[in-house]
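Whenever a hint applies, use it, and build me the whole structure from the sequences.
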Amino acid sequence: MTVGMTVDLLRNSQLKFGAITFFAKQHKGDTCGSNGLPLTPNSIIIIGRAQFLKTINSPFLCEFLDVIRGKHERTIVVSQYCGTPLANLVEKHTFSHLQIKKIAYQILQGLSLLHSLKIVHRCLSNENILLQDNDNIKLFNYGLYYMTDNGALVPFPVLDVLYTAPEVYLNGPNSCYPDPKVDIWSSGICLAELALNKSLWSSLNLGQRIRKILSLLQVNSSIFEKIAREHNCYETYLNLPQDLKEIIELCLNIYPSKRPTCNELLSNSYFNDFKLENDERDRKPWRSFDIFTIKELYHWWQLTGGDVYQELKKQGLIRSSPPILSLPSLVLIEGSLLGQERNPATLYDPRIVQMPLDMLYQRFAHISLPAFYPLIHCKSEIISNADPPPYDATGLPLVIKEKDPEYQFHRIILFRRLLHGYPFTKDLIIEEAQKDIPPLLRGEIWAALLNVNSLYKMDYLRLDKYSHTTTDRQIEVDIPRCHQYNELLSSTEGHKKLKRILKAWVYKNAQYVYWQGLDSLTAPFLYLNFNDEAKAFACLSNFVPKFLHKFFLKDNAVIIEEYLWKFSQLIAFHDPELANHLHEINFYPQLFAIPWFLTLFSHVFPLYKILHLWDKLLLCDSSFPLHIGLSILTQLRDKLLTSGFNECILLFSDLPEVDIEKCVLSSMQTYTSTPKSITNREYENELFHQKNELDITGVKIEDLKKELCPRISPNDVIDFVRHRPEKALFIDIRNPTLFLRCSLKDSINIPFSSVSFSEKLLGNLGPHCNLVKSKGDKVVVVIGNSDTDLERFPKFLLQCNVSRVCVLHGGFNVLIPVTPTVLQSGMPT
Amino acid sequence: MLEQKYYLYTNDQHGFEYSILIPYDDSVEELTHILIIKYSLPIYIEKDLTAHLRAFIDDRTRDYYKELSDDIIKKRKDQEINIDGITKEWEKVMREEIVEFGEKRCASDEELFATAYHKLVHSPALETMLQLEHMYSKTVRQKTEEKNTLIKNLSDSQTEEMNKAVDRLEQDMTELKINELVARHYETHSLLQGELSSELDTLKEAQRREYREWIMQMLEQNEADSSLPTPSSPFIPNADRDFQSSGSESIHQINSPLMEESFTIHLGSQLKQMHNIRILSANVMDMCTIQDNERFSQPTPQLLQTALGLYSNDLSGLVLMTDNKIGSRLTHDFQEVCQRTTEFHFSHVEDQLEKISNVAQQYFKNPQIGSPRNSNSELLQTGDFYMTKHSNLAQVHVIFHMVTDDTLRGSDINSRHPVVLGLRHILKTACSNDITSLTIPLLLQYEMTEEMTINWCEKRAELVFKCVKGFMIEMASWGGSELKNLQFMLPDDISQAVFTSMTEMLPRIFKVCNPKILK
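Respectively, the protein sequence lines represent chains B and P. Those letters in the first sequence? Residues 1 to 829, by full-length UniProt numbering. Those letters in the second sequence? Residues 1 to 519, by full-length UniProt numbering.
Because the hints were derived from the structure by calculation, they are not lab data. Take these hints with a grain of salt, some might be off.
[What the hints assert, rightly or not] Computed list of lysine-lysine pairs in DSS-like fashion (alpha-carbon distance at most 27 angstroms, straight line):
1. B:Lys-496 - P:Lys-272
2. B:Lys-28 - P:Lys-466
3. P:Lys-66 - B:Lys-258
4. B:Lys-226 - P:Lys-77
5. P:Lys-466 - B:Lys-212
6. B:Lys-212 - P:Lys-88
7. P:Lys-66 - B:Lys-245
8. P:Lys-47 - B:Lys-212
9. P:Lys-74 - B:Lys-118
10. B:Lys-778 - B:Lys-691
11. B:Lys-457 - P:Lys-47
12. P:Lys-119 - B:Lys-71
13. B:Lys-25 - P:Lys-38
14. P:Lys-38 - B:Lys-499
15. B:Lys-691 - B:Lys-727
16. B:Lys-508 - P:Lys-38
17. P:Lys-47 - B:Lys-28
18. P:Lys-74 - B:Lys-245
19. B:Lys-662 - P:Lys-119
20. B:Lys-212 - P:Lys-75
21. B:Lys-313 - P:Lys-484
22. P:Lys-104 - B:Lys-314
23. B:Lys-258 - P:Lys-5
Now the structure itself:
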């Protein structure tokens, strides 16, 4: 349990990464897409395409980590980079035949996976094959051709001159199609270099090299033999094992169709030695678990101040010349730029820059080994006391916690384990998520909180996202307007995925219709699960019934009306002054809050705010959005109170900046302090809100809309009486005779008939008015019966700015059958 | 674009056909389900069908590529492809696009000087540098004044002589003699003018050379021992001659606009992007002219910021209006401002204009480029603009010279007017060249004319506000640098009423940020 061991866990020779950078093609002039909207910048298309590469995981491929977009179409690709390029070893190191065989096998394994995913490497070379400490190899930079849409999105050709197959040259620089056979040729050349231990044609210049490769087309005998002879290695050639020669010869066939595929090569008897080993690996039935991977390491590295852009700059790969030196001199109205020379700093430089990790090692040096293996279920105090004290970040603002590398380290280590155990660890996940959710794992944690089950992929697969439907047009109009400041969502790939998810949703939910806003609602899920459409869809599918039950019905008027009315009541409950003001100027929630609730704020806030908001929302029930709405109004309270109708409309036509952390805190606060039945709705999803006779049911919308103050359920009243009587003030407004006969414990009697409502003065309440005045944050429950007017009295209290007024649902009589009784009779003592 | 090809998939077992586009990019599993739904197939064949489809697709994809790739090899075998041509084509692309094969080039003088200057200007040497520049400019200014006085004196004496001669016309002077006199006067005048101008040019050239050498030398020294050399120069007048008299009171009055109001606005519906906007009324040349009179021995503070930003990624630009001839007399005033002091960094403004004019002519005369312009005309069109760069102006580095015409005076221009379109190109150019502060004429002209009634002004301002807003929203997706400061300039003699109406209009068009109130 020494400090050294921890760093060893991090300081793994394979857990290192590097970056390359290039410029995407600039769109020429002023062109528009077929939909009349501006074209998506190529760098954004690349970012969208590149995401898929993150999902590829193979021992023989460098893991793809990130793609970053800079100014003026600069694109930076970060990926695992470790070991030594074979090119550095050729001519300096002798490779045994066995070693070559193993390398060949692993190259083909890597390529085979890529080809099965329809990815063509296209620039495979000995520079891009990295030999690891353990003698295995990893392929690097295999994603460039794929992410640039077969090279179409970048101005430079994606290839390595020497290793490129002749047909690529013959097709010319403008043709691009992903024929996997070019990679087979390249592996042939790579292996030939290793077998001959010679860098091929190293003394030739660019043109000569291309000619040399094209000249191979004329060779009628063995190409490998010709190469060997040209390099004075015929001797070595002769001494090579026959089967190796054969493999290389197969790869170097000038007819692409006659070159075998990866899988055909892999089944060659030459590789028999490795097949057993492979089969064994396949047989393991369980998912192996790593306590962390290079993806987490990269995340922590960034948090400890690692900055790829700065690193590239420091190491000279990003050079910038002052912009004033390269201005165009003339721009014509047609959009042609004249007199601007190509900035040499924008040329493609294929160098790789390794990222230094020392900062991270230092920052994490003191973390003890047990921290990597957190105890989750532990009943022994001795053992849990032996654990190091948890890293203390309580009380810090969320944004700080999200930027604290050490805190994120602990959270991620813990959550990874919990997620690995999902669904059995669901309770623990909820418990931990109450504290906060680490951004790196948010997608998976949300899926867990939303109860996404393991069959989600299959479910999604079966939905038709392909056939044309009547909503297609609307979807296509909405998508290019949905959170387009976000790179993922504005990419071509993002548009495609969003469309598929929306179509799948429409297909699956035939009882609902597509409402504008569903796109915004889907956006956070897609953003978090960009590489797992099915999961994004599953999250959406579980999210809607929980929070937006029936909101998407073709006729959702009643549901929305009820919801907004509850919102008004909630404002009245917590902030009577504001409610009275808004009522006075006729500024109703219908005028501003529909998009809030219909999209759960995803239409009005930028993504980063939605994420924090929903982190909490997912842990609460469908009344939480009302509290969020309330907290937004609270933040704007001063402005609203001094504004008239017109100013308010203007203010909400484009929601002003809202401090989201404050918003989350205050909505959590009102959410926990408000009795649940206050926000009870008739159209709640009964799956999530089970009710009995002491809950509120059967309130018609016409009745609801007469009530300015919310109802409270008998259940909540009983709860107050039994457990927290000091938190409530019960006002019985029946006549004194009835009150004396039987009343709720601790209740006071202000007979309805004794109060004059003509003036809005609390004094009119009579002798008990001081109790009401000094009630503090007590809930005021008005109890009446069918003979009393249950609208006038609470309305009067509201107009006198008394907060937290509510009315007992069902009147006094519902309390009578309750056992053990909560009633008393005779004068209270 | 690569052509895709349909292949017909037939399934005999279940008796259906379906044509599939190869290469097929979507998920095969999904295709299976689409087919199951479409042909009402039993769900249990899911696995078999997927496997079958996958094999079919893989097979056809191979065929598809085989055709493409083998075809080209065969063509080569049949000698249909010219190896030389294709090799050259590849070489060209690679030389143009990949560093490794590109021309090995060293940093140009310009770049070296830029780096040196940028480094020094961000060091304690800044003050010395500005002081030196200031002294240089004083010398030039003195020389210019001297020149002007000499010329004026000459003109005066010539006028006097001429008057006398005319008076004596009745007596001993003939018209011929008068004409001779005129010719002689003209000759002496231009001789003196030429002489003095060339003297001035020589001085500037010498200053420029000296200054540049000094900068490079200072950088070397700075790198060696980080001490600052003191410049000594014959071109610098006695520095503290009138040091005492330098008053601080009027510095503030200089270059300050007559009326101005600033706003912070945000654009975007969800993610809000902040920008600063200022409306001001001033003489546009105040942005360029370095105010100076004998009383100040210190450079004006604005120069400091301009110097710091010169080689940075935050340039400042100004839109000037001109006509369709490059360097026409409309830019004369501006050119004069540029010549008041030495340009230490870039070519002189005439040279820059000449170069631009060459570029334009080359483009217009070259039919290969396929320019849609009438190749006979060397003139620019309304909405075109050319750019010059400067280091010796008060608040700007880059000037956009926008070509306009008389239609601008009318009151019925709309968002498709070429000048508005040109404005969009200016914003785009600014965005992709790191010009992050920009000043544009709100009324699309800098001078008040008689047709500019309140109504006219309001209509014009609304158009410009709205169009610029649209362009700025568009800009967010261009992926360049964002415009941080935008200034809308009004003529200096605009009435208070019109100015107020403009500042009231702005918050109706742009969303103004709510002030943060500290509680």
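Evaluation of the provided hints:
1. Straight-line distance between C-alpha atoms of Lys-496 (chain B) and Lys-272 (chain P) comes to about 25 angstroms, which keeps the hinted pair within the 27 angstroms bound.
2. A threshold of 27 angstroms between alpha carbons decides the hint, and for Lys-28 (chain B) with Lys-466 (chain P) the separation of about 26 angstroms falls inside it, so the pair holds.
3. Taking the CA atoms of Lys-66 (chain P) and Lys-258 (chain B), the gap is near 9 angstroms; set against the 27 angstroms cutoff, the hint holds.
4. Between the alpha carbons of Lys-226 (chain B) and Lys-77 (chain P) the distance comes to roughly 19 angstroms, so the proposed pair stays at or under 27 angstroms and holds.
5. Taken as a hint, the Lys-466 (chain P) and Lys-212 (chain B) pair is broken in the structure, with Cα atoms around 60 angstroms apart against an allowance of 27 angstroms.
6. For the given pair, Lys-212 (chain B) sits about 13 angstroms from Lys-88 (chain P) by alpha-carbon distance, which is consistent with the 27 angstroms threshold.
7. In summary, the hint linking Lys-66 (chain P) to Lys-245 (chain B) is supported, as the alpha carbons are separated by about 25 angstroms, within the 27 angstroms threshold.
8. Of the pairs offered as hints, the one joining Lys-47 (chain P) and Lys-212 (chain B) is violated, with about 48 angstroms between alpha carbons and a cut-off of 27 angstroms exceeded.
9. Between Lys-74 (chain P) and Lys-118 (chain B), the direct Cα distance comes to roughly 26 angstroms. Compliance with the 27 angstroms bound is thereby established for this hinted pair.
10. This hinted pair checks out: Lys-778 (chain B) and Lys-691 (chain B) have alpha carbons roughly 25 angstroms apart, not beyond 27 angstroms.
11. A C-alpha spacing of about 15 angstroms is found between Lys-457 (chain B) and Lys-47 (chain P), which places the hinted pair at or below 27 angstroms, so the restraint holds.
12. Of the supplied pair hints, the one linking Lys-119 (chain P) and Lys-71 (chain B) holds, its CA atoms being roughly 23 angstroms apart against a limit of 27 angstroms.
13. A C-alpha spacing of about 41 angstroms is found between Lys-25 (chain B) and Lys-38 (chain P), which places the hinted pair above 27 angstroms, so the restraint is violated.
14. Pair hint Lys-38 (chain P) plus Lys-499 (chain B) holds up; C-alpha atoms about 21 angstroms apart against a cutoff of 27 angstroms.
15. Distance restraint check for Lys-691 (chain B) and Lys-727 (chain B): the Cα-Cα separation of roughly 24 angstroms lies within the 27 angstroms cut-off, and the hinted pair is therefore satisfied.
16. A threshold of 27 angstroms between alpha carbons decides the hint, and for Lys-508 (chain B) with Lys-38 (chain P) the separation of about 16 angstroms falls inside it, so the pair holds.
17. Straight-line distance between C-alpha atoms of Lys-47 (chain P) and Lys-28 (chain B) comes to about 47 angstroms, which puts the hinted pair past the 27 angstroms bound.
18. Under the criterion of a C-alpha separation no larger than 27 angstroms, the hint pairing Lys-74 (chain P) with Lys-245 (chain B) is consistent with the structure, at around 26 angstroms.
19. A C-alpha spacing of about 44 angstroms is found between Lys-662 (chain B) and Lys-119 (chain P), which places the hinted pair above 27 angstroms, so the restraint is violated.
20. For the hint linking Lys-212 (chain B) to Lys-75 (chain P), the alpha-carbon distance of about 18 angstroms falls within 27 angstroms, and the restraint holds.
21. Under the criterion of a C-alpha separation no larger than 27 angstroms, the hint pairing Lys-313 (chain B) with Lys-484 (chain P) is consistent with the structure, at around 24 angstroms.
22. With a CA separation close to 21 angstroms, the supplied pair Lys-104 (chain P) and Lys-314 (chain B) stays within the 27 angstroms bound.
23. Between the alpha carbons of Lys-258 (chain B) and Lys-5 (chain P) the distance comes to roughly 22 angstroms, so the proposed pair stays at or under 27 angstroms and holds.
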